[in-house]
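For the protein sequence lines, the chains are A and B, in the order given.
Sequential numbering of the first sequence, starting at 0, is according to numbering that gives the first Met the number 0.
Sequential numbering of the second sequence, starting at 0, is according to numbering that gives the first Met the number 0.
Everything labelled a hint here was simulated from the structure, so no lab data went into it.
Quantities reported herein were computed from a predicted structural model and do not represent experimental measurements.
The beta carbon of each residue, even a glycine, is placed where N, CA and C say it ideally should be.
Be careful, since some hints might not be right.
What the hints assert, rightly or not - Restricting the straight-line Cα-Cα distance to at most 20 Å, the calculated cross-link-like pairs of lysine to aspartate or glutamate (EDC-like) are:
#1 K186(B) <-> D355(A)
#2 K211(B) <-> E217(A)
#3 K330(A) <-> D195(B)
#4 K40(A) <-> D29(B)
#5 K30(A) <-> E97(B)
#6 K210(A) <-> E242(A)
#7 K40(A) <-> E12(B)
To be verified - Computed footprint of chain B on chain A, listed as stretches where at least three residues anywhere in the stretch have a Cβ under 8 Å from a Cβ of chain B:
#8 52-63
#9 84-95
#10 164-177
#11 211-224
#12 322-332
#13 354-363
#14 570-584
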Amino acid sequence: MSIRAPRKGENYELSVDLNSEYRDKRKDAIKRVIASMTVGKDVSGLFPDVLKNMQTEDLEQKKLVYLYLMNYAKTQPELVILAVNTFVKDSEDPNPLVRALAIRTMGCLRAEKIIDYLCDPLQRALRDDNPYVRKTAALCVAKLYDLKPELVIENGFLDQLHDMISDSNPMVVANTVAALTDIHIAATSNQPTDTTSNPAVFSITSAVLNKLLIALNECSEWGRVAILNALARYEAQDDKESEHICERVVPQFQHVNGSVVLAAMKVIMIHIRNVRRDDLVKQLIRKMAPPLVTLLSSPPEVQWVALRNINLLLQKRSDLLSNEMRVFFCKYNDPLYVKIEKLDIMVRLASDNNVDALLSELKEYSSEVDVDFVRKSIKAIGQTAISIESAAERCVNVLLELINTRVSYVVQEGVVVMKDIFRKYPSTYEGVIPTLCANLEELDEPEAKASLIWIIGEYAEKIDNADELLGIFVDSFTEESYQVQLQTLTAVVKLFLKKPDSSQGVVQRVLNTATKDCDSPDVRDRAYIYWRLLSTDPGAAKAVVLAHRPPISIPRTTVSPALLEELLGEISSLASVYHKPAQTFVGHGRVGADSVQRQGSEISDAQKALQTVVAGQQAENLLDFGEDPAQDGQPSGLAATQILPSTPAAANFLSGTSANPLDDLVSIFGSMGTEVVGAGSAAALSQTSMSVSSPFDFGGLSAPSSQPTQNAQPQEDLLGLF
Amino acid sequence: MISAFFIFNQKGEVLISRLYRTDFKRSIADVFRIQVVSNSDVRSPIITLGSTSFFHVRVNNLYVVCVTKTNANAALVFEFCYRFISIAKSYFGKVDEESVKNNFVLIYELIDEISDFGYPQNSEIDTLKSYITTESVISSAIVAEESSKITSQATGATSWRRGDVKYKKNEAFVDVVETVNLSMSAKGTVLRADVDGHIQMRAYLSGTPECKFGLNDKLVIDKNSQGSGASDAVELDDCRFHQCVRLNEFDTSRTISFIPPDGEFELMRYRSTSNVKLPLRVIPTVHEIGTSQVSYNVAVKANFGNKLSATNVILRIPTPLNTTSVDCKVANGKAKYVPAENVVIWKIPRIQGGQECTFSATADLTSTTTRQVWARPPIDVDFEVLMLTASGLIVRFLKVFEKSNYQSIKWVRYLTKASGSYQIRF
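Excised from the complex, chain A in its bound form (with noise of 0.2 Å):
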């Protein structure tokens, strides 16, 4: 026996009473127990006195000492032996919850000791006669195969969960269906390679999924979903197959329970790719608007996973919404995570018809308390500029009458609207120049500081004091960010090459001070370029600094083409929320949970604490919606392969909501360095040195390490320059 504690305290109690000969009184004895267990108290060391009370006619205080032997049998392998017996006598129960919740126990003890007594009750209970024990009993072999897969294959326990695909009773088969696919998750994930010879494969043919379309109507909503999720792993014969299974999952939709519906969105999205008739095509995308619609009256955090998911959805087809935009307007008291949500997707059904209800609805928001959200409203008014032309002024004039409002945060957030407006729109709305550079004063923020300085050097010919206001900058140059004083250099560079007489001084002071007083090398290394450039060739310079650049435009995707189809296969999943594939947040699979914990073991509970707040700092930005995934240093086999480089910047720009704003700036301008590379000729060359050094980079030489050959190039072409 193990050794007793002192003949005191509360545990001594809870012995005492344990052991008493009244039923109440030991009943009463193991909730406290239990209690303690809960709260974190250690009570393992009255698992023989908790053991006496188990074998009792009492169902709930049989269920409670249930309880207490899944949370300490690993603690205690020698006793659990003890209570093998009762659980063997159980399993015989006339009772069938008894009879089940035997079974489901003992799978859950994981226990080496009690595994080989496990075999013979749950052979028993895969051929009860009662349906319950059988659902029971098919998730215990999933149990079972967690724990020792050699044991389920030896007793071929996973023939006979494949026989129990036919069986009567919805339920039943759901659960199969539900334990298969945990077992084929499991096996498949350690070995992806051999899928033929592995017995655990759950290869879904034909004959399995007529059963599963007559099961689908008649067992209960998680079984549904079970279902559900099977059939969107079949593969399809032919088009008629694929339509077959269209038609019969369709009805799904009527669902009640949000997370059915989007179960059968799932299924339709995957095997809509096979239907060739244009006219079901059209029909099951209409039936699919209703349904989505209605999950936004769900509570908040379902809503959520389904705008995520709408997002989606819209970026394969942008049709699928395009009456309901006003479904989308934000409630007041929405949660912060549900409204920036529905601003993209508004964003995303903008069209020439709604877009005054959308700027309306967005200079609303604008007024809003909180900051981010604000910011976010004046964000979505520029890309809707960007996106609709026709709406473009409009828009302009909205983000007028909000910088006039003189709101810090209101006005700074506009600033660098206007700045992407003029990107898009070179030379239309100057008439905007004088209001923003009266708010010059206002602005603390380095980027909308970056940004205004880049207007003012884009247009120093049409600003009559552009000497006076970048000399303001000039003067402070040392104590501004890095992100500033390169604007600040190459503004006063485009100055000096529209102006040359009026600001002789203020470019050589300001060369003067990049190159002598400050410590950040990009800066230095692009003062002594201009220096250099403008001191041996200024018709060079004017070529490179003044060159014309292509207008911006925002994709309509946020992914990769592979990774979105990726995506739409795996709807209402976790990574459909990220918008993310599952390798990047996913550990390299579940089976190994006894390896891996066997491999932890030697760390300490301390150290794996600090791990995985470490790593939440990492996963924090994971949970930034526009935060994408070539760029958070771990890209995944997936990901560094799929997404283009033009990605970065349509991820980070179109949701607006990127940690560090300057990577939009960066990476845009690394996906149009691409693209003019591609054009191959002498004059784009000359273009793309231009880009390292011209006004879109803010980052400059600094952009993120994901594309450094893009960068290295470039680079290089400027430097054969000289």
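Chain A is fixed; fit chain B onto it per the hints.
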């Protein structure tokens, strides 16, 4: 799938913890406490740390949390959390720290029953109540037989109903409850008006009755293909049904047929956006007088027949953050300034159809150092109107067929209400 299930209180103490799988230790709860409970700036209901994802739902200062390491089905996990909450509500009336602490034994029983190995199982409240009870059951031969019945019912094709239900008087109550969502712009144009309706049914019917249900709807999954119907027909944009309704039949022939669960259940939910009648018209005029005062004039008009009346009307009229006092004048009901929420709450117990109530007030403001523009949150209106449906929906028939051919009595009630989503900007 779901690897662990926790309930935390507001301080981050674990009230319930159940590990369904072994990929976590209990200490994972500490990570959640550090990252979410004690973090004031949580901006997402899902937090992924490394490869561990925490899904949380807040209810009455409790956190209901599911943890997983896989690429789990996010919608399913949240639906599961909410299902747990509704089951708990139905078992102990309310879900808060006290009720969780008092009923933790029952909760453990429940969460083991509604999820096995992290896969949600049968979670129909009525069925659960038949075998998970608050009083202890002593196993015996009779109980065993009873349990077989329960279990085969719980897993059967009509898992929601027992076969041997008997009533002296066969009755069915149908409640049509509509929640109106409105957002109206400051100019008085309707930005969005729609109705979330649900049809609640209480069926006290013997045997296994086969029900058919009819509404005055023309179900428009496609607005264009179906032409004009009867003029009083209501357009439903979408509807969703309790799992007892045969979805296939609905899909092909638009008939709603089902075998109802015994007792209360939600038969269907629907959404309607066209021709929504707004029961209350609110006309606000709000002026900021300089920087020291705001004047309000709000009129509410009941926009329905004078035989009906709106009850429990509550208007929440926002005031600027630097309000010191509000002087209210109302002819009907009571108005009170609540500084903690920065609103004036105007309660009117009853407004007869066609009646108009007015409210006028002036709010005095203190001067502040930073002059920030007042965000002007919308006025929020709550109300209830009996025997009215904002969408115009009417139950046309409810037919009950049973082998024994008994007569059944049906009752229908209508209610239109708004709570928290009837918003008027000003």
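Evaluated hints:
1. The hinted pair formed by K186(B) and D355(A) meets the criterion: a straight-line CA distance of about 14 Å does not exceed 20 Å.
2. Using a Cα cut-off of 20 Å, the hinted pair K211(B) and E217(A) holds, with the two alpha carbons roughly 19 Å apart.
3. Distance check on the hinted pair: K330(A) and D195(B) sit about 15 Å apart at the alpha-carbon level, within 20 Å; holds.
4. Simply put, K40(A) and D29(B) have alpha-carbon atoms about 14 Å apart, close enough for the 20 Å limit, and the pair holds.
5. With a CA separation close to 16 Å, the supplied pair K30(A) and E97(B) stays within the 20 Å bound.
6. For the hint linking K210(A) to E242(A), the alpha-carbon distance of about 17 Å falls within 20 Å, and the restraint holds.
7. Proximity of K40(A) to E12(B) is assessed by CA-CA distance (about 13 Å); at most 20 Å being required, the pair is judged to hold.
8. Counting residues of the region 52-63 of chain A whose CB falls under 8 Å from any CB of chain B gives 7; the rule of at least 3 is met.
9. Only residues whose C-beta sits within less than 8 Å of a C-beta in chain B count toward coverage, and the region 84-95 of chain A has 4 of them, enough to reach three; the restraint holds.
10. Counting residues of the region 164-177 of chain A whose beta carbon lies closer than 8 Å to any beta carbon of chain B gives 6, which meets the minimum of three for the stated coverage.
11. For the region 211-224 of chain A, the proposed coverage by chain B is satisfied: 6 residues have a C-beta within less than 8 Å of a C-beta in that chain, meeting the threshold of three.
12. Coverage of the region 322-332 of chain A by chain B holds. Counting CB-CB distances below 8 Å, 6 residues qualify, and the rule asks for three or more.
13. Coverage of the region 354-363 of chain A by chain B holds. Counting CB-CB distances below 8 Å, 4 residues qualify, and the rule asks for three or more.
14. As drawn, the region 570-584 of chain A meets chain B at 9 residues by the rule of a beta-carbon pair under 8 Å; at three or more, the given contact holds.
Violated hints are absent here; each numbered hint is respected by the structure.
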